[in-house]
Structure formats: structure tokens, C-alpha cells
Amino acid sequence: MPAEIEVIDLCRRFGTTRAVDGISFRVARGELFAFLGPNGAGKTTTINLLTGLLSPDRGRIRYRGEDFDPGRLAVKKMIGVVPQHNNLDKELTVRENLRVHGRLFGLGGRELSERINFCLDFAALNEKRDTPAGKLSGGMKRKLVIARALLHQPAILFLDEPTVGLDPHSRRRMWAFLRRINQEQQCTVFLTTHYIEEADSLADRVLIIDRARIIAEGTPAELKQQAGHFVLDIYREEALDNEFFTTREAALERLKQLEMSVRIRETTLEDVFLRLTGKRLEA
Amino acid sequence: MLNGVRGIYLREILILRKKLVKTVLSAAVSPGLFLIAFGYGIGNNARVDGLSYLAFLLPGLLTMSSMNQSYGIATEINIARFYFKVFEEYLLAPIRRWEIVVGEMGYGITRGLIPMLVIAFYSLLCGVQLHFGPLFLLALLLHLGIFALLGLVVALLVRNHSDQATMNAFLITPIMFLSGTFFPVAQMPLPVRLLAALSPLTYSTRLIRSTLLPGVTVETGLFPVLLIMLVGLFLLAGRVVARVQA
Numbered sequence: 091m092p093a094e095i096e097v098i099d100l101c102r103r104f105g106t107t108r109a110v111d112g113i114s115f116r117v118a119r120g121e122l123f124a125f126l127g128p129n130g131a132g133k134t135t136t137i138n139l140l141t142g143l144l145s146p147d148r149g150r151i152r153y154r155g156e157d158f159d160p161g162r163l164a165v166k167k168m169i170g171v172v173p174q175h176n177n178l179d180k181e182l183t184v185r186e187n188l189r190v191h192g193r194l195f196g197l198g199g200r201e202l203s204e205r206i207n208f209c210l211d212f213a214a215l216n217e218k219r220d221t222p223a224g225k226l227s228g229g230m231k232r233k234l235v236i237a238r239a240l241l242h243q244p245a246i247l248f249l250d251e252p253t254v255g256l257d258p259h260s261r262r263r264m265w266a267f268l269r270r271i272n273q274e275q276q277c278t279v280f281l282t283t284h285y286i287e288e289a290d291s292l293a294d295r296v297l298i299i300d301r302a303r304i305i306a307e308g309t310p311a312e313l314k315q316q317a318g319h320f321v322l323d324i325y326r327e328e329a330l331d332n333e334f335f336t337t338r339e340a341a342l343e344r345l346k347q348l349e350m351s352v353r354i355r356e357t358t359l360e361d362v363f364l365r366l367t368g369k370r371l372e373a
Numbered sequence: 024m025l026n027g028v029r030g031i032y033l034r035e036i037l038i039l040r041k042k043l044v045k046t047v048l049s050a051a052v053s054p055g056l057f058l059i060a061f062g063y064g065i066g067n068n069a070r071v072d073g074l075s076y077l078a079f080l081l082p083g084l085l086t087m088s089s090m091n092q093s094y095g096i097a098t099e100i101n102i103a104r105f106y107f108k109v110f111e112e113y114l115l116a117p118i119r120r121w122e123i124v125v126g127e128m129g130y131g132i133t134r135g136l137i138p139m140l141v142i143a144f145y146s147l148l149c150g151v152q153l154h155f156g157p158l159f160l161l162a163l164l165l166h167l168g169i170f171a172l173l174g175l176v177v178a179l180l181v182r183n184h185s186d187q188a189t190m191n192a193f194l195i196t197p198i199m200f201l202s203g204t205f206f207p208v209a210q211m212p213l214p215v216r217l218l219a220a221l222s223p224l225t226y227s228t229r230l231i232r233s234t235l236l237p238g239v240t241v242e243t244g245l246f247p248v249l250l251i252m253l254v255g256l257f258l259l260a261g262r263v264v265a266r267v268q269a
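Residue numbers (my numbering), protein chains in the order written: chain H, 91 to 373; chain D, 24 to 269.
It is worth saying that the hints were derived from the structure and are not from the lab. Remember, predicted model here, so these are calculated numbers, not experimental data. Quick reminder that beta carbons are idealized off the backbone N, C-alpha and C, glycines included. Among the hints, a few may not be true.
What the hints assert, rightly or not - Once the Cα atoms are required to be at most 30 Å apart in a straight line, the calculated DSBU-like pairs of lysine-lysine come out as:
1. Lys180/H <-> Lys41/D
2. Lys108/D <-> Lys45/D
3. Lys346/H <-> Lys369/H
4. Lys41/D <-> Lys369/H
5. Lys346/H <-> Lys42/D
6. Lys42/D <-> Lys180/H
7. Lys180/H <-> Lys167/H
8. Lys45/D <-> Lys231/H
9. Lys108/D <-> Lys41/D
10. Lys180/H <-> Lys45/D
11. Lys346/H <-> Lys108/D
12. Lys231/H <-> Lys41/D
13. Lys231/H <-> Lys218/H
14. Lys225/H <-> Lys108/D
15. Lys218/H <-> Lys180/H
16. Lys41/D <-> Lys346/H
17. Lys108/D <-> Lys42/D
18. Lys231/H <-> Lys167/H
19. Lys225/H <-> Lys180/H
20. Lys167/H <-> Lys108/D
21. Lys231/H <-> Lys42/D
22. Lys167/H <-> Lys45/D
23. Lys218/H <-> Lys108/D
24. Lys225/H <-> Lys42/D
25. Lys218/H <-> Lys167/H
26. Lys45/D <-> Lys346/H
27. Lys369/H <-> Lys42/D
28. Lys231/H <-> Lys180/H
What the hints assert, rightly or not - Computed footprint of chain D on chain H, listed as stretches where at least three residues anywhere in the stretch have a Cβ under 8 Å from a Cβ of chain D:
29. 101-114
30. 194-205
31. 313-326
For reference, chain H alone in the conformation it holds in the complex (with noise of 0.2 Å):
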């Protein structure tokens, strides 16, 4: 079965700057993958070039085995996207948001009003349907902005970096929405971010991204495996090193080596950014 997306060394530069550099990456169908790097690293620009936004200096896109062309509108209509900002109309309601988005995407009709309502329930925004979107909260905004992506029944959805700006009670509970999103309505969810928690807590599989550059892909299990099951901080002087064992074992005979003080506890994947580029993500 053909990927459900499949990206060969692909390019872009902005004026000297190149800002994805050579990626090549597949999604299968499904999946829920997360594309993860530190701001800057090229995340958004790749959705730019996934979803026609921009177009690539080098490389291919394929969504199901077909290559990506902007100007073809079925492939348009498979997609949904959740922009990095929450570009709503401020002044209309939720309602008349989701209705307009509905009209450019060929809905009418019964058809519009049925989807409405199913995307106002599934996003349990059905209280402030008409209320204006400028005076939402910002979850409730996110949730908006999301449930607007779905009314077309999106086989893809593209989030970026869906929970910046949450605070952490709103973001489990948008992960938990994600979840069902994936689950519920079997659509593949491709998102970006730079919390490492939300990946590792989120994500089938993960990608890694620096400086334009695809430095590590797997599950989240599998990439703190290549790393090293357990790692031991060790507190010196002036600076917190991290050294890394495939087993439990191993690292409490490398504890009882040391005479400083040492925590050992299990890798995240913010260990495994930190040994494939020696600098932490969320500085």
C-alpha cells in the first residue's frame, strides 16, 4: 500500500537560508506523526510546502502514491490544515466561521448544517455557537480553528504546533481531542511542535528536525532505545552531563563508580535530542 505521504529530498531556501534542507520522510495511513524540532528548524515550513502554501526549490511530494500538485483541487479537498496561528474571522461567530470555511470547501445546504453541528458536538463548542470567535478562549479558539479543518472530512490533518500558547491543563485535554480526532474519525494527523512531551506522549512515530535537517525517526520507544533506555544525570560543579545504558543494570554499576551526586531514571526524548545535537529543545 502506497504511503500516505511521501516526501523525497525535499528543498527550500529563503533568500541564503535554507530552511529545509534535503528531507525525505513517508507517513503511513493512520498514523499520527509528529514532526519534531526547536523553532526555526524548519517545521512550518515544511507543512507550508506539504499543503501548497509554498512551493519547493527541489524534491517531491506524493500523497498516495501520486505526486503533489497544488493546482489539483481533489487533493486540496483531502487536507485539512491548522495554521501555527489561529486565523479566524474575529468578528463572525463560531458558526458563521465553520459556515464560510464549509462554502470554499463545496458544502451546502443540509449538508453544511449537518457537518456544522457534528464539528460544533465533536469539538464541544456547540454552547458558543454564537458567540464571535474574537471573544473565545484561547482553547476554545484552538478547538475552532481544529473542528474548522475537519468540516470537510479531511482524510490528512496538518497541525502546527496545535498547543503553543495552551497552558498545560488545556493542552492535555487538546491532546486527548487529538487522540480522538485520529482514533474517531481515522484520519491521519501530521503535527508539528517542539514539546518534547507532547510527541513522546502523543505520537506512533516521530521525526526529528534541526536546522533543516532530518536527524532521527522512529517511534518514541524505538529513538530512546537507539539512545539508551536509562540515563544517570550527573551533577558536577558547574554543569549537568548525561551518560547513557541500554540497561538498568548497567547504570547502577556505573552509580556506584561515581562519588557526586547522580539521579538515574529513564530516557525521554529530550535526552535523545540532546545526544544527536548536543543542546536541549525547549531552551
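Assemble the complex: chain H is given as a structure, and chain D must be docked to it using the hints.
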């Protein structure tokens, strides 16, 4: 079919409906002030091109004010594009780029019709008879289409809000004052006449004035001139929209 046109027009009209009172008032204030300052300042006894000055001025004010409204979509598109990023919704939707042009032009034309009602009211107050016939409507639609397209092109060519303001200052303000709204272009010095010849408003003002005033011969030869401008700007807008990226 035409999902883009319908979706974009729906969006713009829903927003216009929310701020209709503000829009009508803003469309009334500027021509009202010009009417007081120029119309009554110069006096109704003054005659221009064989007409009372008020009869000369009112059609000019209608043309200028409706131009401001239809071209005014430029600022809204600019804000939607750079600030609220709403324009991305259009670029992501499964619609043809020319549908964006038609949808926005339709909105610009609708907005530009508001001053017609305002000036009709002013003409009643001033006791100036204007004839709102089919030729006038045709001329007005061409005029509004031209300036809505110009607004769209400018909004998509500029790179930020500041450039938009600069374009308005260097493009629209001279067009407003040099295109025969307040005084006949023929009375202006040669360099101004040459500049006025480049302005679409010069031709639409002449045509609309001739269709509005009873007893004045309609300058039918100007219809094809405006139509050519409209088609040219439509093609240009299509090219510009096709090149827009995030």
C-alpha cells in the same frame, strides 16, 4: 462550481453586515464635508461646464466616494493577509485562484454601492436632480470593478501594512484630487492634465457625471475605455493572485 466566489463573497458580506452602520457613516462623512467645504464654500451661483457647481460636484463626489469604498478592500485584504492570516484559508481551499479575484471584486462592488445611496440622499437635500438610470448603473459597476481590482492587486503586491499606507498616499490621494471630482480637468495645467489622463477615475467621473445629470449627453465612448481597463486589471489580478504564497 464557483465555491470560491461564493465562499469569499459570503465571508466578506457577513463581515460587512457586522459593521454596516460604521461603513455607511464613514461613506457619508467625507463627501458630506467636501459638499459643505467646496459646494457651499464656492457657492451654488458659480457655474462649471455650463452646470451649477453643486450639480457638477455631486456626481464627482459619488464617483470619488464609491472609489474609496471599493478600493478600500485593499486595507481589509492586507490586514486579513498579514495580521489575521485569513487569506491563507483561501489559498488552502480547493478553489481556483481566479475565484478569489471574482469574489473580492464582487465584494468591492457591493461596498462601493453604499455611497450611491448617500449621495442620492445629499442630492435631495441640495435640491439637485440626479438621474439614476441603467446607463449610470452600468458605468458605476465598471468603475467599482476597476477600483476593487486595483485594491486587490495593491494589497497582494505590498509586503506589509506600512507599504499599503504609502500606496494609498501616493496612488489614491492624487487620483482623488486630479481626476475631475472638484474641477474640470480641462482647467488644470498641462502636467496635471497628463497625469489625469493616466487615472481611471478621470474617465469614470466623466462618464458617471454624464449619465447622472439630466440633459447632458452621455459620453458612451467611455464605456469601452472602462471595459478595457477592467479586463486588463482582471488579468493582472489573476496573475498576481496566482503568484501569492504563504
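Verification of the supplied hints:
Between the alpha carbons of lysine 180/H and lysine 41/D the distance comes to roughly 11 Å, so the proposed pair stays at or under 30 Å and holds. For the hint linking lysine 108/D to lysine 45/D, the alpha-carbon distance of about 24 Å falls within 30 Å, and the restraint holds. Restraint check for lysine 346/H and lysine 369/H: satisfied, since their Cα atoms lie roughly 27 Å apart, inside the 30 Å limit. With a C-alpha separation of about 50 Å, the suggested pair lysine 41/D and lysine 369/H falls outside the 30 Å cut-off, and the hint is violated.
Of the supplied pair hints, the one linking lysine 346/H and lysine 42/D is violated, its CA atoms being roughly 73 Å apart against a limit of 30 Å. Annotation: proposed proximity of lysine 42/D to lysine 180/H holds, straight-line Cα distance about 13 Å (limit 30 Å). Between lysine 180/H and lysine 167/H the alpha-carbon distance is near 25 Å, which keeps this suggested pair within the 30 Å criterion. As the CA atoms of lysine 45/D and lysine 231/H are separated by approximately 26 Å, the hinted pair is consistent with the 30 Å bound.
Simply put, lysine 108/D and lysine 41/D have alpha-carbon atoms about 20 Å apart, close enough for the 30 Å limit, and the pair holds. Simply put, lysine 180/H and lysine 45/D have alpha-carbon atoms about 17 Å apart, close enough for the 30 Å limit, and the pair holds. Distance restraint check for lysine 346/H and lysine 108/D: the Cα-Cα separation of roughly 57 Å exceeds the 30 Å cut-off, and the hinted pair is therefore not satisfied. Proposed proximity of lysine 231/H and lysine 41/D is supported: the alpha carbons are some 20 Å apart, at most 30 Å.
At most 30 Å may separate the alpha-carbon atoms for a hinted pair to count; lysine 231/H and lysine 218/H meet this at roughly 11 Å. Under the criterion of a C-alpha separation no larger than 30 Å, the hint pairing lysine 225/H with lysine 108/D is consistent with the structure, at around 18 Å. A C-alpha spacing of about 13 Å is found between lysine 218/H and lysine 180/H, which places the hinted pair at or below 30 Å, so the restraint holds. Simply put, lysine 41/D and lysine 346/H have alpha-carbon atoms about 71 Å apart, too far for the 30 Å limit, and the pair is violated.
Simply put, lysine 108/D and lysine 42/D have alpha-carbon atoms about 20 Å apart, close enough for the 30 Å limit, and the pair holds. With a CA separation close to 23 Å, the supplied pair lysine 231/H and lysine 167/H stays within the 30 Å bound. Restraint check for lysine 225/H and lysine 180/H: satisfied, since their Cα atoms lie roughly 8 Å apart, inside the 30 Å limit. For a cut-off of 30 Å, the pair hint linking lysine 167/H to lysine 108/D stands: about 20 Å separates their Cα positions.
For the suggested pair lysine 231/H and lysine 42/D, the alpha carbons sit about 22 Å apart, so the restraint of at most 30 Å is met. Note on lysine 167/H and lysine 45/D: the hinted pairing is violated, with a Cα-Cα distance of about 37 Å set against a maximum of 30 Å. About 23 Å separates the Cα atoms of lysine 218/H and lysine 108/D, which keeps this hinted pair within 30 Å; it holds. A threshold of 30 Å between alpha carbons decides the hint, and for lysine 225/H with lysine 42/D the separation of about 17 Å falls inside it, so the pair holds.
Of the supplied pair hints, the one linking lysine 218/H and lysine 167/H holds, its CA atoms being roughly 27 Å apart against a limit of 30 Å. Of the supplied pair hints, the one linking lysine 45/D and lysine 346/H is violated, its CA atoms being roughly 76 Å apart against a limit of 30 Å. In summary, the hint linking lysine 369/H to lysine 42/D is not supported, as the alpha carbons are separated by about 51 Å, beyond the 30 Å threshold. A threshold of 30 Å between alpha carbons decides the hint, and for lysine 231/H with lysine 180/H the separation of about 10 Å falls inside it, so the pair holds.
Only residues whose beta carbon comes within less than 8 Å of a beta carbon in chain D count, and the region 101-114 of chain H has 0; fewer than three means the coverage is violated. For the region 194-205 of chain H, the proposed coverage by chain D is satisfied: 3 residues have a C-beta within less than 8 Å of a C-beta in that chain, meeting the threshold of three. For the region 313-326 of chain H, the stated coverage by chain D is not satisfied: 0 residues place a CB nearer than 8 Å to a CB of that chain, which falls below the threshold of 3.
Checked against the numbered hints given earlier, the structure breaks hints 4, 5, 11, 16, 22, 26, 27, 29, 31 and satisfies all the rest.
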